[in-house]
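Given next are the chains, with one letter for each unit.
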Amino acid sequence: MRGMARLVRMDRTGHTTLAEWTAADDAAFAAASEAFREQLEAGYYAVVSEGEGRAHQVTALPASADLVILRRPIAGG
Amino acid sequence: MAAAGASAGGGGASAAALPERAGVAWRAPMDARALRARGRLWTLSTAAHSVPFVATAGVLVGIEPGLAPVSALALAHAWAIPELYANRGAKVVRPRRRRDAWAERTAQGLLGDLVGHDARELHARTGLVTERGRLGVWLVGEAGALLVRPGGRRVHCWCVRADDPMLPSADRTAHLLLALREDETGFATVANLAFSGAAWRVARRLAPSMRPALRAAARMARG
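Order-wise, the sequence lines are chains A and B.
Under this note's numbering, think of the first position of the first sequence as 1, with each following residue one higher.
Under this note's numbering, think of the first position of the second sequence as 1001, with each following residue one higher.
Please keep in mind that the hints were generated in silico from the structure rather than gathered at the bench.
There could be a bad hint or two in this list.
Taking beta-carbon pairs under 8 Å as the criterion, some of the chain A residues facing chain B (in silico) [to be verified]:
1. Arg6
2. His15
3. Glu52
4. Gly53
5. Arg54
6. Ala55
7. His56
8. Gln57
9. Arg72
10. Ala75
Sample of chain B residues facing chain A (criterion: CB under 7 Å; computed from the structure) [unchecked claim]:
11. Ala1107
12. Ala1162
13. Asp1163
14. Val1190
15. Asn1192
No experiment lies behind these values; they were computed from the predicted model shown.
The C-beta atom is built at its ideal place from N, Cα and C for all residues, glycine as well.
Taking the hints into account, I'd like the entire structure generated from these sequences.
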């Protein structure tokens, strides 16, 4: 059985867990989706990592993901 | 049920392109072909800088053997030019100052969750994360990445970073790793190429603690 899924933001504290949800908890998922949208509006990108060499950006919170990570944009130095 | 709120296919998965590519739309995608061309250009450029000094050294000694010390200086210049370029390349993965030990430990935990055991262990020893891609084997640092091309002999050094310099080191590395996984070609397109050349030349300019990572990546690239 799947445990809690997490929405995590990489930030100056290391990382912050913004929301947790399970597939059976609509209220928790709705709250996580709201937090997700706020972070995207603040300029973060959301990524679901799928192991070495694979990750994809998401623009809506995927209920099926175990871990969704919010990252800042990158740029050439 | 919560899944009802998500789009089909497990969320709004975007196309493969890294969104940051929009900021450098004028750049051609840095695919394998473009990488080979850039590599050749770097070699030609380095030769164009160094060969005149070698030629000068030969001519001077040929004209007047007493000018051997001047020839030696010219040869030193010829040697130093590619070394300086390689130093610039190696600098992209040089560790930055650590700020908050607690945040670093927290960030390392997340980065550790993203990579396998071997990569985690190598990161702990060297500060670099290995990642196999289609273009070669990457070594991801906190403000740049090295790409070891298949065969293990040529390394491209990329300067690229997350837009918040106050992030913990491991978080900066995780930012780059995730972006690389999203779109490898896009990652190389967004990043700035600082050097392309021989792996041994870059290895000499890396911090000793980082050299095992480059050796490991070169082995992976040969395998």
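Hints, verified against the model:
no. : hint    : in the structure
1   : Arg6    : 10 Å, violated
2   : His15   : 5 Å, holds
3   : Glu52   : 6 Å, holds
4   : Gly53   : 6 Å, holds
5   : Arg54   : 6 Å, holds
6   : Ala55   : 4 Å, holds
7   : His56   : 5 Å, holds
8   : Gln57   : 4 Å, holds
9   : Arg72   : 5 Å, holds
10  : Ala75   : 6 Å, holds
11  : Ala1107 : 4 Å, holds
12  : Ala1162 : 5 Å, holds
13  : Asp1163 : 5 Å, holds
14  : Val1190 : 6 Å, holds
15  : Asn1192 : 4 Å, holds
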